[in-house]
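Trainee: Read top to bottom, the protein sequences are chains A and B.
For the first sequence, the numbering used here begins at 566 and goes up steadily by one.
For the second sequence, the numbering used here begins at 566 and goes up steadily by one.
Hints may contain errors.
Any copy, or any two copies together, can satisfy a pair, since identical chains are not distinguished.
What the hints assert, rightly or not - Calculated pairs, DSBU-like style, for lysine-lysine (alpha carbon to alpha carbon, straight line, at most 30 Å):
id, residue 1, residue 2
1, K843, K893
2, K905, K843
3, K893, K662
4, K662, K824
5, K904, K893
Hints in this document: simulated from the structure, not taken from any laboratory.
Protein chains: 2
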Amino acid sequence: MGLYEEIFEQAQTAQRILEEQRENIETIAANIRERQPDTVFLAARGTSDNAGRYINYLWGAYNRLPVTLATPSLFSIYQRPPRLHNTLVIGISQSGKSPDIVSVLAEARNQGCPTLTITNAPGSPLSQLADWEIDICAGVETAVAATKTYSASMMAAAMLSCALAQDEARWEQLSHVPGWITEVLRRDETIARIAERYRFMEQCVVLGRGFNYATAFEWSLKMKELCYVMADPYSSADFQHGPIALVEQGFPVMAVAPKGEVLADLMGLMELLCEERKVELLTLSNDDDVLSLGQSAIQLPADMPEWISPIVSIVPAQLFAYYLTVAKGFDTEAPRGLKKVTETV
Amino acid sequence: MGLYEEIFEQAQTAQRILEEQRENIETIAANIRERQPDTVFLAARGTSDNAGRYINYLWGAYNRLPVTLATPSLFSIYQRPPRLHNTLVIGISQSGKSPDIVSVLAEARNQGCPTLTITNAPGSPLSQLADWEIDICAGVETAVAATKTYSASMMAAAMLSCALAQDEARWEQLSHVPGWITEVLRRDETIARIAERYRFMEQCVVLGRGFNYATAFEWSLKMKELCYVMADPYSSADFQHGPIALVEQGFPVMAVAPKGEVLADLMGLMELLCEERKVELLTLSNDDDVLSLGQSAIQLPADMPEWISPIVSIVPAQLFAYYLTVAKGFDTEAPRGLKKVTETV
Numbered sequence: 566m567g568l569y570e571e572i573f574e575q576a577q578t579a580q581r582i583l584e585e586q587r588e589n590i591e592t593i594a595a596n597i598r599e600r601q602p603d604t605v606f607l608a609a610r611g612t613s614d615n616a617g618r619y620i621n622y623l624w625g626a627y628n629r630l631p632v633t634l635a636t637p638s639l640f641s642i643y644q645r646p647p648r649l650h651n652t653l654v655i656g657i658s659q660s661g662k663s664p665d666i667v668s669v670l671a672e673a674r675n676q677g678c679p680t681l682t683i684t685n686a687p688g689s690p691l692s693q694l695a696d697w698e699i700d701i702c703a704g705v706e707t708a709v710a711a712t713k714t715y716s717a718s719m720m721a722a723a724m725l726s727c728a729l730a731q732d733e734a735r736w737e738q739l740s741h742v743p744g745w746i747t748e749v750l751r752r753d754e755t756i757a758r759i760a761e762r763y764r765f766m767e768q769c770v771v772l773g774r775g776f777n778y779a780t781a782f783e784w785s786l787k788m789k790e791l792c793y794v795m796a797d798p799y800s801s802a803d804f805q806h807g808p809i810a811l812v813e814q815g816f817p818v819m820a821v822a823p824k825g826e827v828l829a830d831l832m833g834l835m836e837l838l839c840e841e842r843k844v845e846l847l848t849l850s851n852d853d854d855v856l857s858l859g860q861s862a863i864q865l866p867a868d869m870p871e872w873i874s875p876i877v878s879i880v881p882a883q884l885f886a887y888y889l890t891v892a893k894g895f896d897t898e899a900p901r902g903l904k905k906v907t908e909t910v
Numbered sequence: 566m567g568l569y570e571e572i573f574e575q576a577q578t579a580q581r582i583l584e585e586q587r588e589n590i591e592t593i594a595a596n597i598r599e600r601q602p603d604t605v606f607l608a609a610r611g612t613s614d615n616a617g618r619y620i621n622y623l624w625g626a627y628n629r630l631p632v633t634l635a636t637p638s639l640f641s642i643y644q645r646p647p648r649l650h651n652t653l654v655i656g657i658s659q660s661g662k663s664p665d666i667v668s669v670l671a672e673a674r675n676q677g678c679p680t681l682t683i684t685n686a687p688g689s690p691l692s693q694l695a696d697w698e699i700d701i702c703a704g705v706e707t708a709v710a711a712t713k714t715y716s717a718s719m720m721a722a723a724m725l726s727c728a729l730a731q732d733e734a735r736w737e738q739l740s741h742v743p744g745w746i747t748e749v750l751r752r753d754e755t756i757a758r759i760a761e762r763y764r765f766m767e768q769c770v771v772l773g774r775g776f777n778y779a780t781a782f783e784w785s786l787k788m789k790e791l792c793y794v795m796a797d798p799y800s801s802a803d804f805q806h807g808p809i810a811l812v813e814q815g816f817p818v819m820a821v822a823p824k825g826e827v828l829a830d831l832m833g834l835m836e837l838l839c840e841e842r843k844v845e846l847l848t849l850s851n852d853d854d855v856l857s858l859g860q861s862a863i864q865l866p867a868d869m870p871e872w873i874s875p876i877v878s879i880v881p882a883q884l885f886a887y888y889l890t891v892a893k894g895f896d897t898e899a900p901r902g903l904k905k906v907t908e909t910v
């Protein structure tokens, strides 16, 4: 087992959490609805923090819950935590061990807040501080770079969103995720060929907005930790408030741009970047105009709703990072200076 | 007038807001205390968003208010805003014009939330949606890269923190900011010399944690928009959850590391980076051990409390970006592809 196999396991892990956790998640949702939290406070690091970015948009849009991404050092190092009033506090961690994340849940419990953990390690120190726990059922992940635990954490978040809203139509849409993941995994050879072209890339920008802001962050993180490429994620709005100055002719830009509400905004920026700034563009999309815009494109499933798209669109991005790592001759299983479990204070 | 002069104006702008806005800010604080908000929701872009990152730590630590950085697209494009319960909503914008930020304040008002704007353009569209307004009194800023409006926005936030907490001791500390800025501006020649060394740098990492997480972001943004250097900001914790794989021998790392609660954590990471990974380190600090750790160092005022340090420590970072722009032969006043006022949806 290794990184490549774990990327390919994601259709099954999505199916497994759908089957094994729905009942638990419905129960948790009923409990949360009873508590009627005004707001959500979420602590995570690395890939789990990117799952948190997805939750930020998803629960904001579909559950009308404002989501705050925690500043763990206020809890751990400064020991000056904010007052959390009528707040659901969530810790996301594959290992359930990082002391900074644990310190946020400990304080939340201290303040009497309801607590939830989303983890691949039931029974971990984090779990012991949680009123409720969602096991993401991803199985052992051996590669240092997280892949299946990321999509499974997003599945947990999406399931809880549907359960909180008691939204059967979205539950039905969610049942198609394993199929859509299987579909994008069939782009394997295309992605391997596209990655070759980027063999000598040293830096790039990854654009995404709204739900797929998270995908831009996670794709960037995979390219940093596996390919040692300085990859910077931006929303199409933030990018225009300064960082756009970076790009010159041929500068590599990746865009996560499936059909949806934010596509028009992203399209405007991509056209400007292609026509005026002459960047090199790689897109992930299911929109024909986007797919024909840049030098390279990876096709996403046609009928996938935007709110679900981050769970599917990260998969070809992971494959791209995998093949680029191979093309550059680096070790896909052991990125330099990283361990599987990172514990920070 | 230009970028260099505006950097040098910052001792005066800090003094001006202290003198001209204290009464207004005390009144606003009394009004906010009366409303007793449970939480703060903050919308901003670019440099103003980095001022928001400072507020996130400062008000969390000293006013016990959890601060949520807004996802403006939920308000503007998706039109699916979260429910903001008993929340103070703040818009920070030099120009007070960006439609996405305006849409957040419009919805906040619609939901009956108290609203505040921090701006350099009183009477702007944003101001018209705010119950209260703080004029940052920075005067006309002509350079595209924001400098004095950043330190002045942070001053506004720091003054409001003191006023909310009715904390005379911190008001007294704040009165020293103009003097500390004057002190760091005297490092001008040293900084010019240090910047030379980085003439051929194309990418770097900027580390900061806690209060100075904001400084790492803003220093990075200046290097991106002025020097076209791919500069990535990280907290010392986030950096270890993946991106640390990027660094190899000689990789340039900047660290904002004044004395304070987070220094031990940052010091541990800097030592590892220097000893094991052999990076090239530039530090901003007032700690002797930190100052002697890397290849280059810029000295910060000795007696500056950590909570205030971001307002002072950004100044030498701005000067560094200015001199690096000059060394690279770029235009300090007109970064490519940027306008002074950026409007995004």
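Trainee: When no copy is named, should K893 and K662 be tagged within, between, both, or neither for a Cα gap of at most 30 Å?
Mentor: Neither, since 33 Å and 45 Å both go past 30 Å.
Trainee: Pop the pair K843 and K893 into one bin, within, between, both or neither, using alpha-carbon distances up to 30 Å.
Mentor: both (25 Å within a copy, 22 Å between copies)
Trainee: Given identical chains, is K662 near K824, meaning Cα to Cα at most 30 Å, within a copy, between copies, both, or neither?
Mentor: Answer is between: at 28 Å across copies they meet the 30 Å cutoff, but 38 Å inside does not.
Trainee: Checking an output row: K904 and K893, CA cutoff 30 Å. Within, between, both or neither?
Mentor: For K904 and K893, only the intra-copy Cα distance (21 Å) is at most 30 Å; the inter-copy one is 38 Å.
Trainee: Evaluate K905 and K843 at a C-alpha cut-off of 30 Å and name the case that applies: within, between, both or neither.
Mentor: between (39 Å within a copy, 23 Å between copies)
Violated hint for the displayed structure: number 3, the only one.
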